[in-house]
Structure formats: C-alpha cells, structure tokens
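Can you make the complete structure from the sequences, with help from the hints?
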Amino acid sequence: SQTIHQWPATLVQPVGSPLSLECTVEGTSNPNLYWYRQAAGRGLQLLFYSVGIGQISSEVPQNLSASRPQDRQFILSSKKLLLSDSGFYLCAYTRQGAGSYGYTFGSGTRLTVV
Amino acid sequence: EDQVTQSPEALRLQEGESSSLNCSYTVSGLRGLFWYRQDPGKGPEFLFTLYSAGEEKEKERLKATLTKKESFLHITAPKPEDSATYLCAVQAGISFNKFYFGSGTKLNVKP
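Here the protein sequences line up with chains L and G, keeping their order. No gaps in the numbering here: position 47 of the first sequence is 47 in my numbering, and each next residue is one more. No gaps in the numbering here: position 110 of the second sequence is 110 in my numbering, and each next residue is one more.
These are computed hints drawn from the structure, not numbers from a lab. Model, not experiment: these values are computed from the prediction. It is possible that some hints are incorrect.
Taking lysine to any residue pairs in the SDA-like style, the calculated list, with each CA pair at most 20 Å apart, reads [said to hold, decoys possible]:
1. 42(G) - 110(L)
2. 42(G) - 22(L)
3. 98(G) - 43(L)
4. 98(G) - 110(L)
This is the structure:
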C-alpha cells in the first residue's frame with residue numbers, strides 16, 4: 001500500500017535558526033512531490049513541487065528551499081527562520097499520470113517560530 | 001487568473017439539518033475537481049474527484065456535484081462527526097501537476 005510519512009509533527013524554533021522537514025513516500029515510484037503551507041484559517045499555499053530527483057519548482061519566492069535527494073524523499077529547508085514562516089506544513093504526493101485520486105497528504109508539521 | 005472560491009467560510013448546523021457547501025471556480029481547461037476533508041491538526045483526506053459537468057459522487061451522507069462553474073458538497077442529515085473543514089481543489093490547464101485550492105468551509109455540527 002502507498003503511504004506518506006512526514007516529521008516532526010510539531011516544532012518550535014527561534015527566529016534565525018535553521019529548519020529541516022522531511023517527507024518520505026512508500027509504495028510508489030517516481031511520485032510527484034509537493035510542499036504546502038497552510039496559515040491559520042486560510043487555504044493551502046503551494047511552496048514547491050518536484051516531478052523527479054533533483055527537479056524542484058518554486059511557486060513563491062521566500063525564505064525556504066526544497067530538495068529531492070532520492071526518488072521518494074522530499075526535504076523542506078531554511079537557513080534562517082523568520083516569524084512569518086510559522087504555519088502548518090504539509091507534504092503531499094500524486095502518482096505519475098494518475099489524476100484520479102489527486103493528492104495524498106502527510107499528517108503535517110506545525111511550525112512555530114518564536 | 002485561475003481562482004477557486006469556497007462559501008460559506010463557516011457553517012453551523014444542528015444534527016440532522018441538511019445543507020450544501022459551494023466551490024466556484026474560474027479556470028481554463030478543467031481536468032478534475034477534488035473535495036477533501038481536513039480535521040484540526042491533520043492533513044486533508046481525499047473524499048471525491050469529479051471530472052465533468054453533470055457528474056455526481058456519493059459517500060455516506062455526502063454527495064458532490066459538478067457544473068461548468070461550480071461544485072456543491074451536499075450533506076444530508078449530518079452528524080457531529082461530520083464536523084471538519086472541507087476543501088475543494090481544482091486541477092486545470094497545462095499545469096497538470098498543480099492544484100488550486102479554495103480556502104475551505106469550516107463545518108460545525110451541533111448535537
């Protein structure tokens with residue numbers, strides 16, 4: 001079966017500290033991978049997506065970066081966090097060429113920058 | 001500009017009181033419209049996919065419908081466990097790898 005793992009579940013980090021959130025997918029090969037951010041009471045904002053190893057598309061210029069070092073691993077990073085980086089971060093995947101089920105989401109990471 | 005709008009932002013219902021949530025979209029080349037349910041502090045969970053106007057899907061007390069301009073999520077005789085935020089997303093145009101999300105409707109069903 002296909003599953004997606006995302007960690008940590010919660011994170012409190014000081015302003016100016018680095019960030020690394022990790023997401024892995026099991027049970028499917030060459031997935032499309034996505035990072036979304038959800039601010040309180042608002043919709044999902046697409047941050048990055050990847051259609052293959054080393055291929056990253058950025059949707060919103062900001063303090064974050066993403067990398068895909070392996071086929072089913074997607075990492076969200078920052079060198080120096082800002083207060084505005086606080087939010088709920090979601091990793092998601094879709095199977096290549098399979099639009100029927102849309103996204104499958106991870107359980108999310110609640111990031112609070114203090 | 002492609003856009004997805006959900007209404008109302010919040011909806012309070014009594015248990016058993018049926019209602020509908022709306023998702024209107026202005027996109028070119030709709031490929032699919034998706035409904036998700038999101039519980040507090042969790043990732044969205046897939047409910048339905050609709051591909052063409054006139055299509056309908058049902059699951060328990062939920063029924064999703066699609067027209068050329070909008071989709072409705074009908075909730076029949078809701079129960080408190082149906083309380084959640086319902087999100088719709090649209091897959092459209094040449095950007096087939098990207099989905100456009102509405103801001104969601106927060107549903108609260110009182111016993």
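So, going through the hints one by one against the coordinates:
Restraint check for residue 42(G) and residue 110(L): satisfied, since their Cα atoms lie roughly 10 Å apart, inside the 20 Å limit. A distance of roughly 16 Å separates the Cα atoms of residue 42(G) and residue 22(L); the hinted pair therefore holds under the 20 Å criterion. Restraint check for residue 98(G) and residue 43(L): the C-alpha separation of about 15 Å stays at or below 20 Å, so the hint holds. A hinted pair counts as satisfied when its Cα atoms are at most 20 Å apart, and residue 98(G) with residue 110(L) does not qualify at roughly 23 Å.
Taken one by one, the earlier hints fail for this structure only at number 4.
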